[in-house]
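K.L.:
So the chains spell out like this:
2 protein chains.
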Amino acid sequence: MQKIYYLWALNIGIKQAIIIGMAKIKGRTEIAELGEFGLIDMLTEPFKASRKTTIKGVGDDAAVIEASKSTAMVVTTDLMVEGIDFDLTYFPPKHLGYKAVTKGISDIVAMNALPEQVTISLAISSKISVEFLKDFYAGVEFACREAEVDLVGGDTSASVTGLTISITAVGRAKKEKIVYRSGAKVNDLICITGSLGAPYLGLKLLQRESRVLEGVVGEKPQFEGFEYLLERYLKPRARYDIVRSLAAEGVVPTAMIDLSDGLASDLMQICRSSLCGARIYLERMPIARQCSALGEQMHIDPVTAALNGGEDYELLFTLPLEAREKVAVLGCIDIIGHITEPQTGCFLVTPDGGEIELRAQGFVKKSE
Amino acid sequence: MQKIYYLWALNIGIKQAIIIGMAKIKGRTEIAELGEFGLIDMLTEPFKASRKTTIKGVGDDAAVIEASKSTAMVVTTDLMVEGIDFDLTYFPPKHLGYKAVTKGISDIVAMNALPEQVTISLAISSKISVEFLKDFYAGVEFACREAEVDLVGGDTSASVTGLTISITAVGRAKKEKIVYRSGAKVNDLICITGSLGAPYLGLKLLQRESRVLEGVVGEKPQFEGFEYLLERYLKPRARYDIVRSLAAEGVVPTAMIDLSDGLASDLMQICRSSLCGARIYLERMPIARQCSALGEQMHIDPVTAALNGGEDYELLFTLPLEAREKVAVLGCIDIIGHITEPQTGCFLVTPDGGEIELRAQGFVKKSE
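In the order they appear, the protein sequences are chains A and B.
Take the first sequence: its position 5, counting from 1, is numbered 5 in our numbering, and each next residue is one higher.
Take the second sequence: its position 121, counting from 1, is numbered 121 in our numbering, and each next residue is one higher.
Note that these hints are calculated values from the structure, not bench results.
Just so it is clear, the structure is predicted and the values come from calculations on it, not from any experiment.
Don't take every hint at face value.
Same chains, same names: a pair is fine if it fits in one copy or spans any two.
[What the hints assert, rightly or not] The calculated lysine-lysine pairs, modelled on DSS-like cross-linking and capped at a C-alpha distance of 27 Å, are:
1. K175 - K204
2. K175 - K52
3. K69 - K174
4. K69 - K175
Using the sequences provided together with the hints, build the complete structure.
P.N.:
Listed below in structure tokens is the structure:
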């Protein structure tokens, strides 16, 4: 189709109509050439916060906005796109609604704040029925009730193809309790909650069974023994309990992030923001038994799943050494390593003392 | 494809895997059977606000959340979907970025609050280039600077097809200044800012020229004389200036909404929330000269465009009679009618005294 572009300089109002094909004005750079982080950096670079109420803009799990003298609101927004972030072949709508809420509030929790409100917007294609949406909102409602969060708004739009979900979450904290990615200090302990890799393996299991059963009638998928993996993928719970526990123990992490892209990528985000390096230890990685079992069946290294699988929605945070005992009291937290000088890089240390350099996607051995 | 659904009751955890096709569990109701408002009502009905900080949840232009003793934050979220809300054939990316910000902050303004922060999330298909995104964000940046708003976050995701834009806007106001849709009283004046119908006619013009020039090389579209219509469609400005003007005159509207769905639909929203009726007068409708001119060319009734075109991003509000003189001082505001008893319905009064019942889509004559 002939492309018509009616352009004018935004700062001078309408002066002249110019008709040009997009290709005629500028070159075309593929987004893949920059990668997601490079793209976001480039696009948001010109934006400088000008409002006094903007405490923290782009660059953390959530934006921080002044509420009162002593408190701040944290606001975050996320997208879930059909065919990219979920597949309706094996994602029940109720779970999708639940997970959408989790995805939003997990970013709030990562700021050491408690979530209070969410909005959910949907772009809906014609294949989506009212019954689907009722189920979806039943999941939203369940997650909201569980996390003591109010659904306060949203928008619905038609969509040409596919379902797109947009979640905005709002939380609140005392200003001095808010934790950024940028506060990690050398020798700080690196802590994680829960276990890693299960959601990724849950997804792989669903994909396998979906492939196996395609076109087959009357057969059931083989999920026995892997329920934990499925639950972690289909119904992940944000760790707001940890924010409460840390507060009860009087512990404020020096840096925190939620594990959505995978431990390697998210730890590197902390290191990048805090200008530091890190060492984590292979034998301290909390990997569930079901991960190892399915990993063996499917020839997937559970350590790779833990490092790069993503969607764990656990918390990764750093603490000063002296907080070690308070963390032990909390129970469900593992200390997996420590922060190092910036020039030392980010490495996984194997039991034999070898060091594997962490990469945002995949990892390579440095030495053994 | 065989559908695999792995369901469990969300409140009891994983118990049992059930494999069923979606059609087997429940009937299928098309969304169109309910309509957008019916759908939203049905889906959000089970949600009750439980947080003390939630002052107003679902059901207005924006949610209202307690910030401090005296102030509240207002939060709103909107979607713009390619092929539904915009067509990239004739929507330049810079303008799209500008309009996305306008769409978000217009809802904040409609609460009589001033916007302070926005987040923009994008689901991007492979046809979108880095250059497109740079232009898009240049438009976002321009709109943010103009409205004194900070871009504080967002998310990017891949998309299988088409561009989806999600905008969240955050604003702030003294609690007693916040205006809801529900406060209109009998005999209140009905006021609107600016003029109506121009964006709809701008869209019709772009669609016409796009059709005419499809496959044609070297020809220019015929836009002369209709620049105002194009600007109103491609680069609408939210009326934050009105919030400032009303504050300067010490006027607080009794009810307010932004004109995004069309005057008829939006006035009916106020009447529905305020439990009242309305009379607006045809000869008082502010319709720009270019609307009448293009309307004549294209056989589009400019009054229909004004009532049902939508995307005006002007403000519709109600005021007590005694505020009449203060509004006159502001200049750019038209008084188009008044609020009536609920049982009297919502009507457009023609110069000969006829009454036309307002409908959310289209309108029908009642009597003449």
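K.L.:
Does each hint hold? Answer for all of them.
P.N.:
Do the hints match the structure? See the list:
Taking the shortest alpha-carbon separations for K175 and K204, neither the intra-copy value of 41 Å nor the inter-copy value of 50 Å comes in at or below 27 Å. For a Cα distance limit of 27 Å, the shortest separation of K175 from K52 qualifies both inside one copy, at 15 Å, and across copies, at 20 Å. In this assembly of identical chains, the alpha carbons of K69 and K174 lie at most 27 Å apart whether taken from the same copy (9 Å) or from different copies (15 Å). For the identical chains of this complex, K69 and K175 are neighbours both inside a copy (9 Å) and across copies (17 Å), given an alpha-carbon limit of 27 Å.
Violated hints amount to a single one, hint 1; each of the other numbered hints is respected by the structure.
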